[in-house]
Every structure is written in structure tokens, then in C-alpha cells.
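Put chain B on the given structure of chain A with help from the hints.
From first to last, the protein sequence lines stand for chains A and B.
Using the working numbering, the first residue of the first sequence is number 1, and each one after it goes up by one.
Using the working numbering, the first residue of the second sequence is number 413, and each one after it goes up by one.
The set of hints was computed from the structure by calculation and includes no laboratory data.
Some clues are possibly wrong.
What the hints assert, rightly or not - Using 27 Å as the maximum straight-line C-alpha spacing, the simulated DSSO-like pairs for lysine-lysine come out as follows:
1) K199(A) - K751(B)
2) K276(A) - K224(A)
3) K667(B) - K137(A)
Predicted model, so just to flag it, every value in this text is computed and none were measured.
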Amino acid sequence: MDHLADASNQNSQPQTQISHLALDIGGSLIKLVYFCRYSDSCRDDYDDDELRSQNDSLCSKRGNSRPVLEGRLHFAKFETSKINDCLEFLRSMKLRIGGFHESTAPLSDKIFIKATGGGAYKFADLFKEKLGVSLDKEDEMECLVTGSNFLLKAVHQEAFTYLDSQKEFVQIDPNDLYPYLLVNIGSGVSMIKVDGDGKFERVSGTSLGGGTFWGLGRLLTKCKNFDELLELSHQGNNRVVDMLVGDIYGGTDYAKFGLSSTTIASSFGKAISDNKELDDYQPEDVSRSLLRMISNNIGQISYLNALRFGLKRIFFAGFFIRGHAYTMDTISVAVNFWSKGEAKAMFLRHEGFLGALGAFMSYEKQCLDGLIVHKMQQKFPISVSSAGDKIYCSQNSNSDENASIECTVYGT
Amino acid sequence: MDHLPNVSNQRNSQSQTQISHLALDIGGSLIKLVYFCRYDDSCRDDDDELRSQNDSLYSKSDNGQPVLDGRIHFAKFETSKISDCLEFLSSLKLCLGGFHDCSAPLSDKIFIKATGGGAYKFADLFKEKLGFSLDKEDEMECLVAGANFLLKAVHQEAFTYLDGQKEFVQIDTNDLYPYLLVNIGSGVSMIKVDEDGKFERVSGTSLGGGTFWGLGRLLTKCRNFDELLELSHHGNNRVIDMLVGDIYGGTDYAKIGLSSTTIASSFGKAISDNKELEEYEPEDISRSLLRMISNNIGQISYLNALRFGLKRIFFAGFFIRGHAYTMDTISVAVNFWSKGEAKAMFLRHEGFLGALGAFMSYEKQCLDGLTVNTTQQKFPISLSSAGDKIYCSLSSNSDENGSIEHSVHGT
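Extracted from the complex, chain A is given alone in its bound form (with noise of 0.2 Å):
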């Protein structure tokens, strides 16, 4: 572990060192995730003191006489049209050359970051010109599985059910994990069929979805960024703009074939209007729609998929959600009704870091420093605030998505 000791004994400033980093560049999102070791005290945005009391064992050693480093995995992202705020990011984290360093080559060879998502082809170029690092990549999906396994079997309630305003957390029994259902909402969705561990198929998918909404909300709002448009929705009333079983039956339920007067029967069916222009719209309520509208769709399909395959758990990722009350209400009530309360709609709270889960994982298997993501037992769940358009990790009122991953990492 010649290059760790180095890296320790560098600097006399504390700086962050980081010893595996993975990217997930999606079409709207990159998504990274890095371990940070204790022994350096990674300086956060926040203080918990309680944390650093916990650096003692710098490298300790275990059962097997193999070095363990203990630290935490940290998550943040990034808008991919601002590309450039990830980069310079990653420059100022002062990548570890160690920690990327395939042990064959020589030092200053060749460093690689382990990347998914088709960003990893398209943005490569940019890397290697900007940063003089190597996109590893890795497929997108496999990563995606990867990631959700080790999230569901590895940290403590990270699912959870949402009916009816309450949040539960799951208890997942690793031995009766498969298989599931993973509906990845990104930019669009994909539905992939999980058997066990590396074994999956990428069975159907959406195009409307994570990019559909924000994209038509902007058009339709001025909204200038996502989570904006989520926040909007909060206050807006859906009747306005969509055409409910009752706007057609004049009031009443059509209950021979079990739609009351309240089921949307056409989702922005109201705005074919004369009377009424864009402006005269609500930007909350065109949100509150739109938002039903995609969220509905992806809990019908995601259901149609599910009942293909006799599945009874969907688990839903993905950077849409977003611990949204109200999306994740919209996609459980679907998800229940269509099933008739037979399937299960479940959200993690590491929803949009799948991929670059998947990606770091996949440093184990390589020759690298032999550095093996071993336990993780997610103790303190930390809130990591937004500062302007540089997104570290997303404002959320449930402190506990985003959170760090205290970990420990072998070495061989």
C-alpha cells in the first residue's frame, strides 16, 4: 500500500484524499461517487464532530492481515450541460494519482476513473483533454444492477414504501432479495428484470420520463430548474388543467367500470380550451399536472412490466423522485391499484447514485490497489446543502437522502 502511506505523509495541510472515484454521466445528471478516508479529515460544508472522534484507526489491520481504510463514500452531482463545474470540481479534490493508478503501468502513465452512462463514450475525449484521466467504463445497466444490490443488501434502510403520506422503511431479507423489478428514472426510464447477483435483463423502458418532465415543465413554466419545477407543484391544483372523469359525466362517477368522477380521464385534456392561453395558466398547477401525468405512466408501466414477470417488488431509482411526496404517492397508488394491492412500490433513498455505485464497485474486481468496498452500515445520515448552480448534493428536506456511506475499504 506504497502509495497510501505517500499520500498520507504529503501534505501538512488537511486535504481531502480521495482513493476511488466513479462517474455516472447520464443525459441530464453526472453523478459521481468517492471514498474519503478518515485519516485526512474530509472537510465538509457541515461539522460533525462526532464524525472525526471516529478517525482513530488511520489503518488498522483485520482478520486477514489485509490494511483496511476506513472512511466514507461521498455523492454528488452535477447538471452534464454544465460539464465543465464537474471537472473543475474534480480538479480541486486533487485526485489521488494512487488511487487511480493501474498497478501494470507506470506512475504517470496512465490514470483512470471508472465511468458508466453513455457520457462515459461521449465526454471521454473531454476528460482525457481536461483532466489527463481515462474513462474505465463500465455498462450502464450492469452498474445500475450492481449499485442496487449492494444498496439493498449492504446499507441500513435504504428502501422504503410511501402510502398514504407515511414513509416505512423495508426491511430486506438478503437471502429473498429476487428477484425484483429496478425502474431506473433518469432522464428516461428503464425497467430491468433482477434474477441475482450480476444476472439481470433490461426488459422494456419509457421515453417520457425525468427529461420529459423537466424538459415540457420548462417550456410551459420558465422554471429554471428541476427542482424548482418539483417545488412548484407543491401548490398546484392538477383539476384545472386535466379533464377528470367527472368534467365528462357531468360530475358523476362512471363506476360501472370503476373510474370515479376524480380518476384523470385525459391529462391536459382541459387546456384544448378556446378560452384560455399559456399565460393565463397557473406555472403550479401546469407542474402539478405534468408531474401526475409522468408519474402515473411510469407506475402503470413499471406495474404492466412487473405483472409480466410475476414480480412483486418494484424498486424505483433514479434522480426523478427525489423523496417527493408527491410523486412517490402518484407512482405507490398506481402501482397498488393496478396491482390490486399485489405489488409493491418502493423508493431508495440513494436513488440517483445506482450507477456510480455500480461503477466504484467494480474497482474490486480489477487488479487496482486491490482496495475491496467491504462493510457499510450508514450511521450518520448527514443533510448536504446546494450553493447556487454548483450541486453538490440535492436541498432536501428528508436529511437523510444523499447521505454519506460510512465504509471500509481493504487493501490486499
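Only chain B this time, still in chain A's reference frame:
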């Protein structure tokens, strides 16, 4: 058949259209009308050939029942402009006999068969403005009755559309069931049809014609649905949609079978800070919107067909309107997802299923004992639209909304 002789003798000095039967389907966005017009009164049409066929005023059929030859005509109005519809109905000088409930006195109760939500919502309005009672028929039942009727009795009603080719489907009436009926109106209903009169509404989606029209109107300022459709002809969806190639830097995501031109995220490019709504071409927006809605409907339809082992999916409703890009998108979606197992088919009288079904329900009652019998669509007639009063939609395909030659038997 007392009433009919009265009617034929009542003939006015000016030729007028006599309606023997009329049915309505009052939906969220459109009101669809079906009315039967007898030849003896020279239904005014632009087709002279037709008039020469008007010989048989009153022939007898095999069982000795009087037969009225005529045509079933179609018309539609926007539900928001229901007054236009009421005006049209007034002007048709409805023959009282045609709507008279046998048991009630002549002047007491006049009613029309009506389906769709509007049969409930506008019942009072019809009563107030026209003096009619709306005899409500169930919407799903009418859709299915209308579909079965069209598929069994009308020549060249169903067709497939692949690779820009329209191909009529020969329907074997003994091998019609089961099938999936997808009615795309303001919203979408998906009905599994097992037999005549045996069906189940298995699914639906709120992303339908109303969504396309509503979102389209907000985003492009188009005045009506047809204008929106017309725009989409010239659009390029790649301006606004985020394709797999956009995310992957030009390549396919071959491993999971996604080509670079597959749409990864509809409207995904519109998240960009660089452009505002006004900077996008309405053609591109319309095309992306159309693609999004059509693809989604195709996918959910397929998933439901799969669920019940159905190989044939018939698409109805006024969303499609013979529009090539729409039919192509839906067909490709169904074909792709089902790996060629399921077939998407379209109906020429797509938007009138409900109204036809309601019309058919007259036979069930002791009305005039009129029963709808044979129908053979012989002379496709294209009707034009004039301003806001759309009687039948303007369409390049002259087969669209063609009236159906029709014989009605009396008892």
C-alpha cells in the same frame, strides 16, 4: 309501421333531409353523430350515382318486412361548441316518428340514443333546447357494438399501416374474437372483446388525444387538432427529443438493443438553458408530442394485448385521423415490442364506434321495430369541413368517414 308511410307522404315541396334514426356519442372533446337518411327523400349528396340507386323506396325483404334503403351519415362537432350541434339537429327537421317511444303519446316524449359522458352531462340542455330526452347507453358497450358491427359488416373497414403502406385486412367474421379494442379519444380505453356483447375494460391511459391537443395548444398556439397534426408533418423530433445517440455520443447502445436514433427521453433536450419556448419550431414540438403520445399508447396497448394473449389490436377514436406518422408510430411500437407477434390495425370509421353502437341499440327496443340489417359500404364519399362547423373531418383519404349504405328493416 304506421309512422313511416306518414313520413313519406308528408314530403315537403322542398327536398328535405328526413332522419329516421339518430344517435349521439358525446365525449370530452367531440360530439359524434350518426344518422340514417332514407333515399326516398333524396338525401342531398354530391354523388349523383347514389341518387340513381334510389329506386327501391320500399321493397320487401325475404321475411316480408318492409325495407328502407338509405345511408348512415356521420358528423362531428367540438363538445365546447355544443350549440353548433344543437343547431344542426334543429335544422335536420327531425322526423318525430323516428324517435317516438311506441308506448307514449306522440307529442309527449321524443328521445335520441346517446352515449358518452355527455349523455349525462348535457341531458338537461338537450331537453331545454330541443325538447329531446337522451336515452343513455353505456359508452363501453356502444364502442364494442360499434366495433363489432363495423368489422363484420362494412367492407374494407380495418387496415394495417406499415412502411408507409396501407393494407386492408380481410376479417373472417367467424374468427373475429378475441381482440383488443383501443379507443383513443380525449383519454384512452382498452377493451378486451371476447364475443358479441362480452367484453371487459381492462385498462386505459390518461395520455390520449386530449393530452396531445391540450399540450399542443399550450406549446404551439395551434387553433385546433387538425392544425396541430398538419404541423407535425414538417417537424423533426430530434431537435427536442433526447436520443440514445445524444447520451452515448453518437453510438448505439447495442448491448440492450437501443439504436442511436431511439428516443431515450421525450422532450429531453428542452431542459437546455439555451433556448426558450419561442425559439423552438412549432413543427418540431408537434412532432415530438405526437410521437410521445403515439408511442406510449402503442406500448401500453401491446403490454395489455400480451397480458391477455391477444394478437389483434384495433385502434379507434379520433386521434388517428388517417395520419401517416401517427399510424406508423403506433404500428412500429406494437410491432417492435411484440417482436412481430401482435398486429396494429386501424378503422376507417374510427371515431364513430360509440355513436354507431348507440345507433344499433335502437333495434333492441320496441321503437319502430326498426332493425339495422345489411350494410355495405359502396360509395365512399368525402365530406368537407367548413370553418368551425366540422361535419366530417377534412382528410386526404376520401374513404374517411364515408357514409355507409344501409338497409333498415321494419317489423
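Given hint K137(A) paired with K667(B) - CA-CA distance at most 27 Å:
holds, 14 Å
Distance restraint between K199(A) and K751(B), which requires alpha-carbon spacing of 27 Å or less:
holds, 23 Å
Within 27 Å, alpha carbon to alpha carbon, are K276(A) and K224(A)?
Satisfied, since the Cα-Cα distance of roughly 24 Å is no more than 27 Å.
The structure agrees with every numbered hint stated previously.
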